[in-house]
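Engineer: For this one, chain A is given, so just place chain B on it according to the hints.
Protein chains in written order, with the numbering used here: chain A, 17 to 374; chain B, 17 to 374.
No wet-lab data here; the hints were simulated from the structure. No residue lacks a Cβ here, since even glycine has one placed at the ideal position from N, Cα and C. Check each hint, because a few of them may be wrong.
[Claimed, not checked] Label pairs and their in silico Cβ distance ranges: (1) B:PRO218 <-> A:ASN289: 36 to 44 Å; (2) A:ASN289 <-> B:VAL247: 54 to 62 Å; (3) B:GLN256 <-> A:LEU77: 44 to 52 Å; (4) A:GLY132 <-> B:GLY250: 19 to 27 Å; (5) B:ALA73 <-> A:ASP36: 43 to 51 Å; (6) A:GLY132 <-> B:LYS137: 16 to 24 Å; (7) B:GLY250 <-> A:GLY63: 43 to 51 Å; (8) A:GLU248 <-> B:LEU77: 42 to 50 Å; (9) B:THR182 <-> A:GLN233: 53 to 61 Å; (10) A:GLY140 <-> B:ILE85: 51 to 59 Å; (11) B:HIS281 <-> A:ASP36: 53 to 61 Å; (12) B:LEU229 <-> A:GLY140: 54 to 62 Å; (13) A:HIS281 <-> B:ASN134: 51 to 59 Å.
[Stated by the list, open to error] The calculated lysine to any residue pairs, modelled on SDA-like cross-linking and capped at a C-alpha distance of 25 Å, are: (14) A:LYS328 <-> B:ILE133; (15) A:LYS137 <-> B:PRO359; (16) B:LYS137 <-> A:ASP219; (17) B:LYS137 <-> A:HIS31; (18) A:LYS137 <-> B:LYS137; (19) B:LYS137 <-> A:ILE253; (20) B:LYS105 <-> B:ILE133.
[As the list claims (entries may be wrong)] A few chain A residues facing chain B, derived, Cβ under 10 Å: (21) ALA35; (22) ARG138; (23) GLU183; (24) ASP245; (25) ALA313.
There are 2 protein chains.
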Amino acid sequence: MSRMREDVTSSEMRHDWLADRWVIIAPQRTARPCDFDLVFDEPSGVGDCPFCCGHEAETPLAVASYPAISANRKKESCAEWSVRVVPNKFPAVNIPGTRPPMRYATHPASPVPTNGINLFKRRGLSGGHEVIVESPEHLYSISQLDPESTQTVFRAYRDRLRYWLTEREICYAVVFKNVGQDAGASLVHTHSQLIATDILPPDVQRAAERMQLFYEQENECLMCRMISDEVELGVRIVEQTPDFVAFCPFASRLPALITILPRQHQSQFEKLNDQELEQVSWLTHRTIRRLEKLYPAVAYNFVIQTAPSCRKDSASFHWRLELFPRLTKVAGFEWGSDCFINPLAPEDAARALRQAGV
Amino acid sequence: MSRMREDVTSSEMRHDWLADRWVIIAPQRTARPCDFDLVFDEPSGVGDCPFCCGHEAETPLAVASYPAISANRKKESCAEWSVRVVPNKFPAVNIPGTRPPMRYATHPASPVPTNGINLFKRRGLSGGHEVIVESPEHLYSISQLDPESTQTVFRAYRDRLRYWLTEREICYAVVFKNVGQDAGASLVHTHSQLIATDILPPDVQRAAERMQLFYEQENECLMCRMISDEVELGVRIVEQTPDFVAFCPFASRLPALITILPRQHQSQFEKLNDQELEQVSWLTHRTIRRLEKLYPAVAYNFVIQTAPSCRKDSASFHWRLELFPRLTKVAGFEWGSDCFINPLAPEDAARALRQAGV
Chain A
17 MSRMREDVTS SEMRHDWLAD RWVIIAPQRT ARPCDFDLVF DEPSGVGDCP FCCGHEAETP
77 LAVASYPAIS ANRKKESCAE WSVRVVPNKF PAVNIPGTRP PMRYATHPAS PVPTNGINLF
137 KRRGLSGGHE VIVESPEHLY SISQLDPEST QTVFRAYRDR LRYWLTEREI CYAVVFKNVG
197 QDAGASLVHT HSQLIATDIL PPDVQRAAER MQLFYEQENE CLMCRMISDE VELGVRIVEQ
257 TPDFVAFCPF ASRLPALITI LPRQHQSQFE KLNDQELEQV SWLTHRTIRR LEKLYPAVAY
317 NFVIQTAPSC RKDSASFHWR LELFPRLTKV AGFEWGSDCF INPLAPEDAA RALRQAGV
Chain B
17 MSRMREDVTS SEMRHDWLAD RWVIIAPQRT ARPCDFDLVF DEPSGVGDCP FCCGHEAETP
77 LAVASYPAIS ANRKKESCAE WSVRVVPNKF PAVNIPGTRP PMRYATHPAS PVPTNGINLF
137 KRRGLSGGHE VIVESPEHLY SISQLDPEST QTVFRAYRDR LRYWLTEREI CYAVVFKNVG
197 QDAGASLVHT HSQLIATDIL PPDVQRAAER MQLFYEQENE CLMCRMISDE VELGVRIVEQ
257 TPDFVAFCPF ASRLPALITI LPRQHQSQFE KLNDQELEQV SWLTHRTIRR LEKLYPAVAY
317 NFVIQTAPSC RKDSASFHWR LELFPRLTKV AGFEWGSDCF INPLAPEDAA RALRQAGV
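Here chain A stands alone, though its shape is the one from the complex (with noise of 0.2 Å):
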C-alpha cells in the first residue's frame, strides 16, 4: 500500500469501530474567524503548591514513594522521594472506612415507582481515589522529566493499578492525566490520579464489548488489526519503537488526539515489565514533547485504559493510552449529538507531530 497523502477538502463522517461512533472531519472549518486568543495557562501557585517538597504534611499519608535517584537530586531537601502517591483529599468515590453515613438512603425523597421503569435510580460508589505526584518540583508538564523520572512515574502507575485491581471489591481503574485549566485541572503541579471503582463505567464496558465481538467476528484482536494497517499505511502513525507505536487514529473525535498501544498484544498495563515501562514511557514522554513543539503550553488529558477487572472476556482487551489534546472547546452540537466535529484530519495531525523534532 503506497504512502499517498490522504487529502480531505469537504466534510466527512468517519466510523471509530471501537466506540460504535461517528465522527464529522471537517477541515475547511479551520479557516473560520475567532474573536477569541487561545490562552494557554502559564505555571503558577508555587510557594503554596501541596504537591511541592517540604509541603508533605499537606497531603494525606502517602501509599506510595519512590526514591530520588541521586543523580537526579536538584535540593537536598528533596531528596527523599521522586514520585509520591497520596489518597485525594476530595475523592471523587466514597471510600470505604472513611465515608459519610448516605443520607439519601434514609431520605428518600425520589418517587420509587411499586412496579414499572424507575427513573430515579442511584448507588452508592466505592473505591479508590489517588494522586500520583509525579516531581518534589513545581514543574507543570511531565515532559519536563528526566527519562529516568518519567520511567519512575510510570512504575507507579503499574503498581497502583496492580495493588487496585486485586482489590476484591473493585472492577476497574484508570489513570488520567489532567493537563492546563482547560483540560480540567484544578493544581498546576505535574501529578496524576487513579480512580478505582466498583462499577464498571459506561464507555468501557462498551469497548470491552466492542474487542470481545472483534474476537468472536474475525478470531484476531481489533486493535492488533487496526496496528498492523496503521502500520503498513503509515499515514497516521507518529512514531514507533519495538514493542509500541503512537498514532492519530482514523475516527479521532478530537484535532491531534494520539493513541499509544502495544504492538504485541496486552490486556493489562499492569503487567508490564520493566523494560517494556522503559520504552512506553520513553514514547509517550517524546510525544507530548511534540505536541508541546507544535502547541506550547498546549493542555491535555492523557487516559490508560487496562482491562477490567470484573469481565471474563477481558483476554480480547487490548491496553492503550490515549492523548487527548484541548485544542478546540466541546460545542452545542456536540453536547446535543455525541457526534464530534474535528477541524483536523488525522493524517495532517500525525503528519504534522512526524515533523515536530524533539
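Structural biologist: Positioned in the frame of chain A, the structure of chain B alone reads:
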C-alpha cells in the same frame, strides 16, 4: 410527597434513563483548591463583527429575515431586520450543489478488507448549516434581548427547523447555541446555529430508541412521566409556566444543567404555535437570566432536540431544550469513561436558580 431537602453528602451514582448512562454526583469535590481563576469572557470584536448591522455584505445572502419591531428600533440604519438567518460560511457538513469533489472517494488510501469488518468506514455528510443572527446590535447574550425579540428568535428556530425537516434527504436537524469561548463560540455577537444532516447522530438515535422503549413498556411517554414526577416532587424545579417547565434533571452530567420541556406531549418543536413560542422563549430567557445572575457572564450551550424526520416511531419522541452551563471542564476521567463527575447536586442547583431573582 414532601418537598424534603435531598442532601447529598457523599458521592452517589445516578442513572440517566434517557441516555442509559450513569453519572457521579460528588458534592465534596467543590471544596478542593484551585490554582486557576475562573475567567469569564468579556464581549469583544465590535467594529469588525460580520453579524452587526451595516456588515450584511460580509455574510452570505440571508435565507430568512425577520423585520424589526418598530418600538425596538434603536439605530435608523439597522431598522430593516431584528433576526437574520444566513448560511454558515464554514459549514460542518457538505452543502449539496456547492460541495468540492471528495478526494477521499478517488484516493481510498485506507485499507478496505475484501471480507470481514472494515475498520476504516467513511461516508459523505450532506445537509445544511445556518447561522441565526439574533440582533443587529453587538449583544453577547440572548438575555439582553427584550421579550419580543427573543420570541422572534424562537420563531426563526421554528421556521428553519420546519424548512429543513420537510426536505427529502434530511433526517435530522438541531438548533444549538454556543455562548462564550469555553462553550465553543468563535464570535461573541449573539447567534445560534442550525445543522441539518442526512444521518441521525448516535446520541439522538439512542434517545429516540429509549423513548420508544419506555413507551412500549409503560404505555406512557418517558418525558411526560418525568415531568409529572418532577412537578410533584418540586426539589429540582426551576420555574414553570402553564405549558412549560424548567428543571435540573436528576442525573445531570454537568453542574446547573437545565432542561426545558413542554408539559403536554409534543414531538416536534417546529409545530409550536405562536402562543407556545411566546411562553417557551419567555421561560428560556428567564432561565438564562437566572443562570447569569448566579454566574455572571457564564459560558453556556443550549440545544433544541426535536423528533428526527426519518424515524417511524417519532410519535414517542418528546422534544426538549437542554441548557448546558460550562462551569467545569471535562477532564481525563470523563474522556476515558464517558462517566461524568458532577460536583453540584441538581437539587442544590435548582434551589439556587429558583432563589436567583430575575
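Engineer: Each hint needs a verdict: does it hold in this structure or not?
Structural biologist: Against the structure, the hints come out as follows:
no.: 1; hint: B:PRO218 <-> A:ASN289: 36 to 44 Å; result: 39 Å, holds
no.: 2; hint: A:ASN289 <-> B:VAL247: 54 to 62 Å; result: 59 Å, holds
no.: 3; hint: B:GLN256 <-> A:LEU77: 44 to 52 Å; result: 51 Å, holds
no.: 4; hint: A:GLY132 <-> B:GLY250: 19 to 27 Å; result: 22 Å, holds
no.: 5; hint: B:ALA73 <-> A:ASP36: 43 to 51 Å; result: 45 Å, holds
no.: 6; hint: A:GLY132 <-> B:LYS137: 16 to 24 Å; result: 39 Å, violated
no.: 7; hint: B:GLY250 <-> A:GLY63: 43 to 51 Å; result: 47 Å, holds
no.: 8; hint: A:GLU248 <-> B:LEU77: 42 to 50 Å; result: 48 Å, holds
no.: 9; hint: B:THR182 <-> A:GLN233: 53 to 61 Å; result: 40 Å, violated
no.: 10; hint: A:GLY140 <-> B:ILE85: 51 to 59 Å; result: 54 Å, holds
no.: 11; hint: B:HIS281 <-> A:ASP36: 53 to 61 Å; result: 31 Å, violated
no.: 12; hint: B:LEU229 <-> A:GLY140: 54 to 62 Å; result: 27 Å, violated
no.: 13; hint: A:HIS281 <-> B:ASN134: 51 to 59 Å; result: 21 Å, violated
no.: 14; hint: A:LYS328 <-> B:ILE133; result: 24 Å, holds
no.: 15; hint: A:LYS137 <-> B:PRO359; result: 18 Å, holds
no.: 16; hint: B:LYS137 <-> A:ASP219; result: 21 Å, holds
no.: 17; hint: B:LYS137 <-> A:HIS31; result: 5 Å, holds
no.: 18; hint: A:LYS137 <-> B:LYS137; result: 37 Å, violated
no.: 19; hint: B:LYS137 <-> A:ILE253; result: 19 Å, holds
no.: 20; hint: B:LYS105 <-> B:ILE133; result: 37 Å, violated
no.: 21; hint: ALA35; result: 9 Å, holds
no.: 22; hint: ARG138; result: 5 Å, holds
no.: 23; hint: GLU183; result: 18 Å, violated
no.: 24; hint: ASP245; result: 5 Å, holds
no.: 25; hint: ALA313; result: 13 Å, violated
Hints 6, 9, 11, 12, 13, 18, 20, 23, 25 from the list above are not met by this structure, while the remaining hints are.
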